[in-house]
Amino acid sequence: MANVKFAFRALGVALAAVLICAGCRKTSGPSVSLLGSTSIQPFAEVLAEQYTKKNPGHFVEVQGGGSTAGLQAAANGLADIGMCSRALTAEETHQFTPILIARDGLAVVVNPKNHVTKLSIGQLRAVFAGRVTNWKDVGGKDGPVRPITREEGSGTRDSFVRLVMGSERISRRALTQESNGAVKELVKGDPAAIGYMSLGLVGKELAAVTVEDAQPTVENVLAGRYTLVRPLLFVTKSATNTAAQSFVDFVLSSEGQGLLETEGLVRAR
Amino acid sequence: MKRDRLIGAILLVVALSAISGLALITVFIFREGVPIILRVGAGQFFLSTDWEPSLGHFGILSMIGGSLAVTVGAAVIGVVFSLGLAIVLTQFAPPALAAALKPAIELLAGIPSVVYGFVGVVTLVPLIRHSLGGPGLSVLAASIVLGIMILPTITSIAIDALQAVPRSYVEGSIALGATRWQTVTMVLLRAARSGIVAAVILGMGRAIGETMAVIMVAGNALALPHSLLDPVRTLTSNIALEMGYASGDHRQALFATGVTLFVIITLLNTAALAVSRRRAGRRRVG
Chain S
1 MANVKFAFRA
11 LGVALAAVLI
21 CAGCRKTSGP
31 SVSLLGSTSI
41 QPFAEVLAEQ
51 YTKKNPGHFV
61 EVQGGGSTAG
71 LQAAANGLAD
81 IGMCSRALTA
91 EETHQFTPIL
101 IARDGLAVVV
111 NPKNHVTKLS
121 IGQLRAVFAG
131 RVTNWKDVGG
141 KDGPVRPITR
151 EEGSGTRDSF
161 VRLVMGSERI
171 SRRALTQESN
181 GAVKELVKGD
191 PAAIGYMSLG
201 LVGKELAAVT
211 VEDAQPTVEN
221 VLAGRYTLVR
231 PLLFVTKSAT
241 NTAAQSFVDF
251 VLSSEGQGLL
261 ETEGLVRAR
Chain G
1 MKRDRLIGAI
11 LLVVALSAIS
21 GLALITVFIF
31 REGVPIILRV
41 GAGQFFLSTD
51 WEPSLGHFGI
61 LSMIGGSLAV
71 TVGAAVIGVV
81 FSLGLAIVLT
91 QFAPPALAAA
101 LKPAIELLAG
111 IPSVVYGFVG
121 VVTLVPLIRH
131 SLGGPGLSVL
141 AASIVLGIMI
151 LPTITSIAID
161 ALQAVPRSYV
171 EGSIALGATR
181 WQTVTMVLLR
191 AARSGIVAAV
201 ILGMGRAIGE
211 TMAVIMVAGN
221 ALALPHSLLD
231 PVRTLTSNIA
241 LEMGYASGDH
251 RQALFATGVT
261 LFVIITLLNT
271 AALAVSRRRA
281 GRRRVG
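As they're listed, the protein sequences go chains S and G.
Oh and the first sequence: position 98 is 98 in our numbering, straight run, nothing missing.
Oh and the second sequence: position 29 is 29 in our numbering, straight run, nothing missing.
Derived by calculation from the structure, the hints in this document are not laboratory data.
Don't take each hint at face value.
Claimed, not checked - One side only, chain S facing chain G, incomplete, derived with CB under 8 angstroms: (1) GLU61; (2) GLY65; (3) ALA69; (4) GLY153; (5) ARG169; (6) ARG172; (7) THR176; (8) LYS184; (9) GLU185; (10) GLY264.
Unchecked claim - Just so you have them, the derived chain S footprint on chain G, three or more residues with Cβ under 8 angstroms: (11) 53-65; (12) 96-105; (13) 135-146; (14) 216-225.
Where a beta carbon is used, it is the ideal one built from N, C-alpha and C, also for glycine.
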């Protein structure tokens, strides 16, 4: 009998612990949750940090998951704001209110040992469609071309397909990696590789090629010379709560925009 | 007595709820996955290599091929090393060494798969790229990583199988003048054959279901591999890569990929069970 009594007591303690934890989970201040594109996530985290520093007591929660997941989360209320790193489809524009927070150049990256420094959109398309399989056909040294793409549903991939591939499909032989970091790691180690990623993430270990005679720089994106550009969006359902609105206002303020610019993105306006 | 029966009943409910979890998962993935196989057509779904969800093309042959390639590769590597280990640990190693090695091998099973994948990407992939060519991310890289991951499974079951061989067989063989090695190859391995086969099949079941490490080292290309150095995508990687984004038909097609995997693993486990049952049956007769 003593055992049974002990079991009940243990159960009681466990229940109490759960209840207390449920209580402490509730934050006191207004909170905003963001979910979506892994391309926007690092920038959103920087913004969130600055925002909570300026507004003590406010909470901003940022999660990845991908653009499409972000749209779904915004639709079913899982997150206040969905992050989406590609243009919305016609169908999606009816459902959501998109807010352009910044624009992002899409850089085509190769290993620094690769001698190819410029490519046309047509050449890029041929490379990623698998029609060009040797670097010497696009002005490089003799050797195989290894295109690296992102997984189906990634905002970066969607944008690349829309901006470069036209009606053609990315080769089935292309290596598929599930994050910008993984693409970076591969291109860094393989002189034959070519990939694409957000301009702000290129860093010093990779070489970004000139596309259609324009270097991938923030100035060229602003001037409209560099054409591989995609929108970075916050999407909400029509009615946003005040906490979310105040965060969006901060992001669009000159301070928020300046922060994004120093992180390598291009201003929304 | 009354209390015994009560505790029995509670334990039964707990056991049944665990099994009903399995039943629920089975029903769920089949309900989500089977309709799209029927809609696309089983022939198209299983025999086409064309996977382009945004265009409504759902063919998983490349993924089936990829899974089989890395699983067979892992089994080859796993079997060579595991059998060697099992033989050494049961027959040749001094007891003190065996006692130290066995837990070390079991520790391998406790390393998270993402760590295996990471080590593979950082060391194995560049090594293959530089010395053998190709992108490095390949069937070979995945086979090696998986082969190491299934070592503990195969080794520990193979050790059990070898230890279950009656001592009189070994003594008889040695008494007839066979050397230690002859005894191992001609008596022990033969007597333990069905147990070892079961171990290998279970290891393959683990390999085919592994996801994270494979995503990191296999390259995930959508074409059927032509050589060991070609990148492949497995059934599990396909689900994990695309699940976060998928909706509608695409999501269902991923569940159908899961159904395929479920059937393959069930077949493997059934085979392993059948083999080890046969062994048990035979021993009872003999």
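Practice prompt. Report the numbers of all earlier hints that the structure fails to satisfy, in ascending order.
Written response: As far as the earlier hints go, 1, 8, 10 and 12 are violated by this structure, in ascending order.
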